[in-house]
Structures are given as structure tokens and as C-alpha cells.
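Read off the chains here:
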Amino acid sequence: MLQIMIRNMKLEVQLSNYAFFCWQDVGNLRKIDLSFSPYLTELPDLSMAKNLQCLHLEQTSIKEVPQSVNRKLKLLYLSGCSKITKFPGNLEYIEELYLRGTAIEEVPSSIQFLTRLRDLDMSGCSKLESFPEITVPVKSLQNLNLTKTGIKEIPSSFKHMISLRSLGLDGTPIGELPLSIKDMVSLTKLTLHGTPIKALPELPPLLVNLTTHDCASLETVASIINSGRLWHGLDFTNCFKLDQKQLVAAMHLKIQVSLLTPSFFLLSLLHHHIFEM
Amino acid sequence: MLWLSGQIHLKSDAFAMMDGLRFLSFYDVHSTKEDKMHLPPTGLEYLPNKLRYLRWYGFPSKSLPPSFRAEHLVELDLRGSKLVKLWTGVKV
Numbered sequence: 701m702l703q704i705m706i707r708n709m710k711l712e713v714q715l716s717n718y719a720f721f722c723w724q725d726v727g728n729l730r731k732i733d734l735s736f737s738p739y740l741t742e743l744p745d746l747s748m749a750k751n752l753q754c755l756h757l758e759q760t761s762i763k764e765v766p767q768s769v770n771r772k773l774k775l776l777y778l779s780g781c782s783k784i785t786k787f788p789g790n791l792e793y794i795e796e797l798y799l800r801g802t803a804i805e806e807v808p809s810s811i812q813f814l815t816r817l818r819d820l821d822m823s824g825c826s827k828l829e830s831f832p833e834i835t836v837p838v839k840s841l842q843n844l845n846l847t848k849t850g851i852k853e854i855p856s857s858f859k860h861m862i863s864l865r866s867l868g869l870d871g872t873p874i875g876e877l878p879l880s881i882k883d884m885v886s887l888t889k890l891t892l893h894g895t896p897i898k899a900l901p902e903l904p905p906l907l908v909n910l911t912t913h914d915c916a917s918l919e920t921v922a923s924i925i926n927s928g929r930l931w932h933g934l935d936f937t938n939c940f941k942l943d944q945k946q947l948v949a950a951m952h953l954k955i956q957v958s959l960l961t962p963s964f965f966l967l968s969l970l971h972h973h974i975f976e977m
Numbered sequence: 003m004l005w006l007s008g009q010i011h012l013k014s015d016a017f018a019m020m021d022g023l024r025f026l027s028f029y030d031v032h033s034t035k036e037d038k039m040h041l042p043p044t045g046l047e048y049l050p051n052k053l054r055y056l057r058w059y060g061f062p063s064k065s066l067p068p069s070f071r072a073e074h075l076v077e078l079d080l081r082g083s084k085l086v087k088l089w090t091g092v093k094v
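Quick note, the sequences are listed as chains A and B, same order.
The first sequence begins at 701 in this note's numbering and counts up by one.
The second sequence begins at 3 in this note's numbering and counts up by one.
Okay, chain B solo, but in the shape it has when bound (with noise of 0.2 Å):
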């Protein structure tokens, strides 16, 4: 459990390197008017397939990485977030 000010900018590729992650929480960083968390415009790119649980105050991308397969996930919690789709395809 890590508390967390300011604002943090994250690669697309932030999660490339952790295949093993199966817990994600940020959570509460969607409490103020001002977004804390920011991607890139391209949004994310990965996410680790082993993740249980994925919960995302405020999630800024507009979809989930069209790469993640939730095979393994229990609970999803993106609330407050910019998604326009949940899912999409990889462009053609």
C-alpha cells in the first residue's frame, strides 16, 4: 500500500515487465475535480493477464489494452473512468 500526491504520469508500457501481477489498486485517485493519473494519448498499451483484480479510480485510457485477456480476472472496478469502450479491436 503506497500513499501517492501530486501527479503521476505513466508510460503505455508501464505493466510490460509485470507478467505476475495479479492485484492492481489505485484507488481514491479520482476523489478531487483535477485527474491524478495520466497516460499518453495512445492510452494503454498492456496489462498483465494474470491480474485477479483490477480496480482503477478514474482509469484514463479510453478502452482496456486490446492485447489483455481476462481469463483470470474476478472483479473489474474502473469507476469514474474515460473509457469509451471497454473493449476494442486492434486497428486494421
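So here's chain A without its partners, still in its complex pose (with noise of 0.2 Å):
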């Protein structure tokens, strides 16, 4: 039995050898994509493919990236890897990381020092309930969805995220937003419909897109009757618990002063869609 074990050993040797020898030259490789490929388990090393940019893996069953992947990598895709559990690591270079549906359970801090990633995309992801805390500016990140997550708190440091455009929460368990969120300086979309929040605070200042429907603990929106910039109008669709009078009797004195103002139509539509309720 013994004698068994150890030739299974040498034999698993010998074939990861002969592995490494086929991917020996594998230096013009740009351009990996293995995705909706469900029973790929596992890749082979990818220290040889230095020059690999971008790697999609989405839907497969792989368990880990492999630490040597070229850590200039710029795009990996990994939505649906449902195995993956740990946040991807030693990507320096990486711009876009798309990480929807997968088991990770924690994003690591050193993320702010990720100063070209663009878009991080981790939407659907359950078992993740926080999200580190931001020290330093972070210049880069645009695009930041954590829709359907297991988060059930914005750290107040988000405000350091001075380029961001659009954060995703639907779906959360977020109760309440950090007051800092006006500070968000370049946040134009805030989805939050469907999460259990109570009350909005001051919005930021160039928020044209923002999702409030089905929020069945919302009580108070007076504070976005200052925010005239909603182009999208709004829908309290399913907030029962609204205060409907206090934002009837903020928007008649709102469109007392604006009445020649674009942003009275805006207004009526927000009129429109209390009276449908």
C-alpha cells in the first residue's frame, strides 16, 4: 500500500513537470478567456505568461487564481467563480476586477493601494459583510458595486474615495449612510433600493441618479428637497413607512421659491409620484 502512495507521488511529480514544459513559452500570451467553461477546475502556472493582461475565468469552477499570474495583470473576471473565497492578491497593475456571485468573505484593507483599479465589481457577493476602511485618497476607483452583499455598514472613510461615480448598495442590509456621503465629491448614482435604511442624509453634490424604491423602513427624505439635480425623479414605491406630509410640505415651499426654475418640472414629477401612492 505504502509502495502504492509513493508512486502516485512520483508520478503526479513527473506530470507537473511536463506541464511547467509546455507552458515554458508562453510570453506573447495576451489574452487568456476560459469562461462559462463549468469544469475547469484548475489552471496551470501562469509565471511564464508575463506578458498577460487579461484573464477571464467567469462561471468556471476554479477554486484560486494562481499566485503566478503576471502581477501586471489589468482585467480578471472572476463573476460566478461561486469556489473562489479569497480576494485576489498581488495585482498592483489590475483596473477592472469583476467579482459578482463569488464566496469571498473579506476584502483586504490593502486595497486602497490599488491605484489603477477603475471598477470593482463585487455584487452578489453574500458572505461578504464589510468593507474595509479607506486612509488615503483613492484616486482611481470609479465604479464601486457591492449591490446584494452581506455589508451592513458604510465606514465613514468612504469619503477618501474622491473619484468615485457610482456605488451600488441595493440590496443590503444597510440601516444607515454616514453623514460624510456628501462629501463624496464625484458620486453622480447611489443605488439603495431594497436595503432596510431609515433616513437619507445630505446627498452629494453631483448626484443626478439615486434608487430609493421598495426601502420599507424609510422614514425621512427631507433632506433631498435641497438636492435639485435628480434627474431621474424619484420612486417611493413600497416605502410605507415615508412621511409623506413632511415632503409634501418641503416640496410646496420648494417650488414657491423655484417656480421659474428647470428644476420645478422635476418637482411636479416628484409631486406625481406621492399621489400615485
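Take the hints with a grain of salt, since some may be wrong.
As the list claims (entries may be wrong) - The following label-pair restraints were derived from C-beta to C-beta distances:
#	chain 1	residue 1	chain 2	residue 2	range
1	A	V836	B	Y55	38 to 44 Å
2	A	D943	B	D37	57 to 63 Å
3	A	K783	B	D15	31 to 37 Å
If you are wondering where the hints come from, they were derived from the structure by calculation, not from laboratory data.
The beta-carbon is built from N, C-alpha and C at its ideal position, and this holds for glycine as well.
Reconstruct the complex from the two isolated chains, following the hints.
The following block contains the structure:
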């Protein structure tokens, strides 16, 4: 029995040597796309693919991205890889990370030092319950999707994401937003629908797109009346606890003040929404 | 560019005499639920080593041929494949 085991071990070593030999000269590879290959469970050593920039592995059965992958990789797509449990590391040149629906439990605080990261999609990562504090200004990140994660709280230090344009928080258990959200100077889109949020704080100055429907615990939204830029209107469908009187009163006051400004039209839309409910 | 319809059965050595082949693209053969490209159970035995670009949607083999050297390959696109392992060693 012991002999057989040793033989098998030798065999494995020989096979892995052979596989390595095949990959010796893959220095020209720029892009690998093995997405939607459901039986794929592992990748070869990628250390020789020194010019690899783009790796598509969506909807495969791999458990991890080999540590040997080119650290200059720019694009990594792992969405739908439900066996991936760890945030991919050592990718200091990464620009786009799509990790939707993976089993990742933690985002390392080193993420703020990925100075080229533009898009991070962690939507549907239901095991992810927190996001690290941001201690330095993050200039590169523009789109952060945390939709349907288990994240309960947004750190006040999110304001350091000074280039963030889109923040997806819908379907999370977030009950409160930090007051510092108004300091997210580049934020134009914020999705909050389906969250147990109770109140909307003062919103960022450039916000034009806000989703608020199906927020069953939402009580007060008075702060948004001062935001005349919500171009897409507002939808409070299924926000049963919403204090409508406060909203209508604030809105009427605003109409009197701004009857001749373009925002009158927007407020009319808002009015329409409320009386439809 | 050739538009093929119906089922295509390839031999495992289908590319054995195509040593100069640099660009191979089977596109959109996996768009329907039914696979259109078929290989024997032993998979593909040979791919030309000079290939620069290999796109084969729904690649029907469990691995790339062990003899294939990817030294010139720039882009490998095998989405929707039956791959289990990208590369396997030869059976000893």
C-alpha cells in the first residue's frame, strides 16, 4: 500500500513538470478567455505568461487564481466562480476586477493601494459583511458595486474615494448612511433600493441618479429636497413608512421659491409620484 | 470566413497537416444549446505550434493537446469549453 502511494506521488511530480514544460514559452500571451467552462477546476502555472493582461474565468469551477499570475495583469473577471473564497492578491496594476457572485468573505485593506483600480464589482458576494476603512485618498476607483452583499455598514471613510462615480448598495442590509456621504464629490449614481435604510442624509453635490424604491423602513427623506439635480426623478414605491406630509410640505415651499427654475419640472414629477402612491 | 451549419465531426488529428496555420477561429458554434462541433472521446491530438490566435467557442476537448507549444500564441479564447484542465501531461 505504501509503495503504491509513493509511486503515485512520483507520477504527480512528473506530470506537473511536463505541464510546466509546455508553458515555458508563453511570453506572447496577452489574453486568456476560458469563461463559461463549467468543468474547469484548475489552471497551470502562469508565471511564464509575463505579458498576460486579461484573464476571463467567469462561471468556471476554479478555486483560486494561481499566485503565479502576472502581477501586471490589468483585467480579471471571476464573476460566477462560486468556489473562489479569497480576494485575489498581488495585482498592483489591476484596473478592472469583476468578482460578482463569488464566495469571498473579506476585502483586504490593501485595496486602497491599488492605484489603477477603476472598477470593482463584488455584487452578490453574500458572505462579504464588511468593507475596510479607507485611510488614504483613492483617486482611481470610479465604480464600486456592493449590491446584494452582506455589508451592514458603510465606513465614514468612504469619502476618501474622491473619484467614485457609482456606488451600488441596493439589496444590502445597510440601515444607515454616514453623514460624510455628502463629501463624495464625484458620486453621480447611488442605488439604495431594497435596503432597510431609515433616513436619507444630505446627498453628494453631483448626485443625479438615486434609487429608493422598496425601502420598507424609510421614514424621512426631507434632506433630498435641497438636491435639485435628481434628473431621473424619485420612486418611493413600497416605502410604506415614508413621512409623506413632511415631504409634500417641503416640496411646496421649494416650488414657491423656484417656480421659474428648471427644477420646478423635477419637483412636479416628485409630486406626481407621491400622489400616485 | 466560412459559415457552417449542421453538425461537424472532426478527427483528433484534423489539424495535423496544417503546420503553417496561424489564425484559427470557430466563432458562435456554442450559441445554441446543442453543440455543433464534435471530437472523438480522446480529444484533439494536435494543434499547430505557430498559432497566434486561437478562438474556439465551446471547445469540445477536456484539455489542449499535450504536444501544443503556445510560444507564438497571443490570444486564447475558449469560452464555453468542455475543458477540465487547460493543459495535461502525457499518460506515463
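Checked hints:
no.	hint	verdict
1	A:V836 - B:Y55: 38 to 44 Å	41 Å, holds
2	A:D943 - B:D37: 57 to 63 Å	58 Å, holds
3	A:K783 - B:D15: 31 to 37 Å	35 Å, holds
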